[in-house]
Amino acid sequence: MITPRFECQQTEESIIIKIYCPSIRAADVETHVDDTLFTVHINPYFLRLNFSYPIVEDEQSTAKYDPSSGYLTVTLTKEVKGQVFPDLDLLSKLLAPRPSQSAPLIEVIGQEEDDATDDLVAQTNALSLEQDEILLAAENDWQIPQEIPTADPPISTSLTQTYGFLNLHSGYFKHVGHTENEVNELGPDAETCTVRERRLKRWKHEDEKWDEEHYMADYADDEYIQELIIWENPRLVDSSPFQFTDAENLALLNLPRKEYLTDTRQTKNLYLTLVTILFSYAYETRTTQGDSTPESAWTICSLVPAFSALDSPPYSAPTTSSATPTSPSESDLVGALSQSYRRSLCFPLYRSFVLAETCRADVAALFLLGKRIILRVLLETKFILDHHEVYYVYSKIWLEDFCVWVQSFASDDTLREIGAALQSLQVPKLSIGWDLDGLEAATREVQTREVDSDDESDEEAEVARQL
1 MITPRFECQQ TEESIIIKIY CPSIRAADVE THVDDTLFTV HINPYFLRLN FSYPIVEDEQ
61 STAKYDPSSG YLTVTLTKEV KGQVFPDLDL LSKLLAPRPS QSAPLIEVIG QEEDDATDDL
121 VAQTNALSLE QDEILLAAEN DWQIPQEIPT ADPPISTSLT QTYGFLNLHS GYFKHVGHTE
181 NEVNELGPDA ETCTVRERRL KRWKHEDEKW DEEHYMADYA DDEYIQELII WENPRLVDSS
241 PFQFTDAENL ALLNLPRKEY LTDTRQTKNL YLTLVTILFS YAYETRTTQG DSTPESAWTI
301 CSLVPAFSAL DSPPYSAPTT SSATPTSPSE SDLVGALSQS YRRSLCFPLY RSFVLAETCR
361 ADVAALFLLG KRIILRVLLE TKFILDHHEV YYVYSKIWLE DFCVWVQSFA SDDTLREIGA
421 ALQSLQVPKL SIGWDLDGLE AATREVQTRE VDSDDESDEE AEVARQL
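According to the UniProt record's numbering, the sequence shown is numbered sequentially starting from 1.
If you are wondering where the hints come from, they were derived from the structure by calculation, not from laboratory data. Treat the numbers as computed from the prediction; the structure is a model and nothing was measured. Heads up, the beta-carbon is just placed ideally off N, CA and C, and yes, glycines get one too. Watch out, some of these pointers could steer you wrong.
Simulated restraints on C-beta separations [what the hints assert, rightly or not]:
(1) Gly177 / Ser61: 53 to 61 Å
(2) Pro86 / Asp34: 29 to 37 Å
(3) Leu253 / Gly290: 21 to 29 Å
(4) Phe85 / Leu253: 16 to 24 Å
(5) Ser61 / Glu197: 57 to 65 Å
(6) Glu13 / Arg416: 29 to 37 Å
(7) Ser424 / Tyr172: 47 to 55 Å
(8) Asp34 / Arg265: 30 to 38 Å
(9) Lys209 / Pro294: 18 to 26 Å
All chains should be modelled from the sequences, with the hints used to inform the complete structure.
Take a look at the structure:
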């Protein structure tokens, strides 16, 4: 079946769904409403939308087909008149299945109801004897022996490690040694490196790439960097009403239908990863002034630790905080940004701490603007990676899922809370791990000596001229 293009609007009393399905017979249209669920079938098209609140099909409901335009317009009545249905422009969210009542940490892939029933039966039949015993013990309130968990990481008997969004992916780097992947810092061991090994390899690679002379040169001669700093990103200053473009709507429709059931720790780490991804976008956009180049995909991937080394947050030790359970604390944000700062100072062309600070301000502004602007930025970044013959893999294991998660599961309140924290956040230079203050002081001292030397030369020249 084909998922047709569609758009949704609302009035005080109704939901209006416009579906593009050219060359059909109006008599073949079948619609069904069940609480928040609306389905329509017109061979070969099938559409199922899950709204936030209940809708009903009554006397005021209509379905009209215009053969000249190819649009079927369905009008449904809100069960509660005047109720505002949110996120009608987030098409993938409307296409997602109803929230599952399953236990957390399970990813539910969007599918037909018959398939879901078959999967549920298969999972039930697959219960092991041990699981049956646990269920029976719970039913009879037997006391099952328990042990205090240790701090040691669980031992894995598998050579293959998972990575990417919620560690859902594997197998993408089996043949990385035969590709021109200049971003990959794990080499041919990308599939087997443990979490700790990934981080150690990344730190080592960053230290090897760190160039004191390059940093001092950019600090001394920063005329062009200052131009990059004062440039204004149109995404951050556009005050016109937000509306997704046709290309963006098509990209949203092509996203997979997924539901992510995460715990608070996983949710917090997703927000932290989002910070690093948006930092890479901010750096790439600012240094190209919004005109992407063939190097843009490399720059984006190089600046995100979760891409280049499959090294995801957290990057700092856990601390007690007054922040909400899913909202990163100040130390969490400093830890994440420190990694982005490090990479911006050792890989791309322009290496400036002040430029990194400007990118942090850009990220703060994006978070404050909310999920729609962030989703637009993610789609833009995804487009860049999708059209690269090697780095498209990072779109598959990270950005595709992030686009789905941001529009359907990210909290606007949490996003704005993070944005406010980033606005006033200070990333200490000491957290970068290199002696930036010392290098900057040495550069200023050299510049002062050169100025004094030039003044003395000018004075000597003037005396010689007078003689």
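Worksheet item: Cβ-Cβ distance between Asp34 and Arg265: within 30 to 38 Å?
Response: 35 Å, holds
Worksheet entry | Range hint compliance [Cβ, Lys209 to Pro294, 18 to 26 Å] | 21 Å, holds
Worksheet item: Are Leu253 and Gly290 spaced within 21 to 29 Å by their CB atoms?
Response: Taking Cβ atoms as reference, Leu253 and Gly290 lie about 26 Å apart, which means the hint holds.
Worksheet item: Is it true that the C-beta distance of Gly177 to Ser61 lies inside 53 to 61 Å, as the hint says?
Response: Given range 53 to 61 Å: holds, Cβ gap about 59 Å.
Worksheet item: Holds or violated: 47 to 55 Å for the Cβ distance of Ser424 and Tyr172?
Response: 38 Å, violated
Worksheet item: Falls inside 29 to 37 Å, the C-beta gap from Glu13 to Arg416?
Response: Since Glu13 and Arg416 have Cβ atoms about 31 Å apart, the given range 29 to 37 Å holds.
Worksheet item: Between Phe85 and Leu253, does the beta-carbon spacing fit 16 to 24 Å?
Response: 19 Å, holds
Worksheet entry | Range hint 29 to 37 Å (beta carbons of Pro86 and Asp34) holds or violated | 20 Å, violated
Worksheet item: Is 57 to 65 Å a correct range for the gap between the Cβ atoms of Ser61 and Glu197?
Response: 59 Å, holds
Comparing the model with each numbered hint stated earlier shows that hints 2 and 7 do not hold.
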